[in-house]
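Asker: Protein chains in written order, with this note's numbering: chain G, 1 to 88; chain B, 1 to 237.
Check each hint, because a few of them may be wrong.
The calculated SDA-like cross-link candidates involving lysine to any residue, where the alpha carbons are at most 20 Å apart (straight line), are [stated by the list, open to error]:
no., chain 1, residue 1, chain 2, residue 2
1, G, 40, B, 54
2, B, 137, B, 158
3, G, 10, B, 106
4, B, 176, G, 22
5, G, 10, B, 154
6, G, 40, B, 137
7, B, 158, B, 131
8, G, 10, B, 134
9, B, 176, G, 40
10, G, 10, B, 108
11, G, 10, G, 50
12, G, 40, B, 144
13, B, 158, B, 108
14, G, 22, B, 108
15, G, 10, B, 99
16, G, 22, B, 154
17, B, 158, G, 57
18, G, 22, G, 36
19, G, 22, B, 106
20, G, 22, B, 109
21, G, 40, B, 56
22, G, 10, G, 22
23, G, 10, B, 150
Away from chain G, derived, C-beta distances all over 12 Å, residues of chain B [as the list claims (entries may be wrong)]:
no., residue
24, 35
25, 37
26, 38
27, 149
28, 196
FRET-style restraints, in silico, Cβ to Cβ [claimed, not checked]:
no., chain 1, residue 1, chain 2, residue 2, range
29, G, 60, B, 10, 24 to 32 Å
30, G, 45, B, 172, 52 to 60 Å
31, B, 226, G, 25, 40 to 48 Å
It should be emphasised that the hints constitute simulated quantities derived from the structure, not laboratory data. No residue lacks a Cβ here, since even glycine has one placed at the ideal position from N, Cα and C.
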Amino acid sequence: MRARVFVRLKRGILDPQGSAVKRALEGLGYREVQELRVGKVLELELEGTDPGQAHGRLEEMCRRLLANPVTEEFTVEIVEDGARPRLA
Amino acid sequence: MRFGVVIFPGTWSDCDFHYVIGEVLRQPVKYVWHRDTDLGDLDCVILPGGFSYGDYLRAGAVAGRSPVVEALPDFVARGGYVLGSCNGFQILCEARMLPGALLRNECLQYRCQSTHLFVENAETPFTRGLRPGQVLKMPISHGEGKYYADPETLRTLKARNQIVFRYSTEAGDVTKEANPNGSIENIAGIVNEAGTVLGLMPHPERAAETAMGGTDGLLLFHSLIGSLVEDGSVLNR
């Protein structure tokens, strides 16, 4: 089973990295970008077939290591067997 | 007082701390490997600066879950002291032994420079030899040193007098200009509620000899060593 974890800075926490990337896009002429925030995607390959159980374990992994609850929020996605996680 | 200097893969200030404690301060000191969990013969554990585990995921995140760090709460409960500088401060926050977190510098630059620190709390074992309002000079060297805590945590830190150092001007004014990384309210160092775990972004070990441009970093160690003597207390293990 494959899973994807998205980790991003909480709203309200300044993201200077995002601001710098937004300015770089503006420099390339993309002036329509109003806001840009940089986050992380983690792709995991898991043993087992129970998505419900995997979901709970993944959330625990996020709370314990993958995300810092002080500054970050996360979402967890299970990708069904056979389908490879795809970055949009 | 017996010191242990922890080495993680990627630590870089271990030799500096070992040298300052052993050669400058003439105190017993040894290295502690990150997989060691037996801290029984130590009085103070140092978490030095560097890029532990490459700072992968987040600065200090992996080290914050390492065997030696997981042994620290028991060590502290038994009366031990912990000093985390730079990456060590990040590790202590990641391990939730100190509240808050260290974020990427607001300026987005790695800052390697001298800073002045306003001593806000001179009642911790690490600052007992100082005066409140005294200004120390110590260097910083980091890309992720912007201290952040949510408003409630910040209120608790203030109420419990856990803010130890703030970035200031040489005259001791805590101003925006004196803040090198965008830390909330210029916070440069905090302690746990008991005052026995200190985390700070500046490097006391790099301000320990006149040839290095100043010796203010030694004051933290003199406070620590002196406090034990004054109490007359030997740690019970």
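Asker: Can the restraint linking residue 40 of chain G and residue 54 of chain B be considered satisfied, given a maximum Cα separation of 20 Å?
Answerer: Since the Cα atoms of residue 40 of chain G and residue 54 of chain B sit roughly 17 Å apart, the hinted pair holds (cutoff 20 Å).
Asker: Would you check the hint for residue 40 of chain G and residue 137 of chain B, treating anything up to 20 Å between C-alpha atoms as holding?
Answerer: violated, 37 Å
Asker: Hint check: residue 10 of chain G vs residue 99 of chain B, CA-CA at most 20 Å. Holds or violated?
Answerer: Holds: residue 10 of chain G and residue 99 of chain B sit about 17 Å apart, inside 20 Å.
Asker: Given the hint that residue 137 of chain B pairs with residue 158 of chain B, does the C-alpha gap stay at or below 20 Å?
Answerer: violated, 23 Å
Asker: Next pair to validate is residue 10 of chain G with residue 150 of chain B; report whether the Cα-Cα distance is within 20 Å.
Answerer: Holds. Residue 10 of chain G to residue 150 of chain B sits at ~11 Å (cutoff 20 Å).
Asker: Within a Cα-Cα threshold of 20 Å, do residue 22 of chain G and residue 108 of chain B meet the stated pairing?
Answerer: Holds: residue 22 of chain G and residue 108 of chain B sit about 14 Å apart, inside 20 Å.
Asker: Does the Cβ-Cβ separation between residue 226 of chain B and residue 25 of chain G fall within 40 to 48 Å?
Answerer: violated, 55 Å
Asker: Beyond 12 Å on every Cβ pair: is that true for residue 38 of chain B relative to chain G?
Answerer: holds, 24 Å
Asker: Taking the shortest Cβ-to-Cβ distance between residue 196 of chain B and chain G, state whether it exceeds 12 Å.
Answerer: holds, 22 Å
Asker: Need the status of pair residue 22 of chain G, residue 109 of chain B: alpha-carbon distance at most 20 Å?
Answerer: holds, 17 Å
Asker: Tell me if the straight-line CA distance from residue 22 of chain G to residue 36 of chain G falls inside 20 Å.
Answerer: holds, 6 Å
Asker: Straight-line Cα separation of residue 176 of chain B and residue 22 of chain G no greater than 20 Å?
Answerer: violated, 25 Å
Of the numbered hints stated above, those contradicted by the structure are hints 2, 4, 6, 8, 9, 11, 13, 16, 17, 27 and 31, listed in ascending order.
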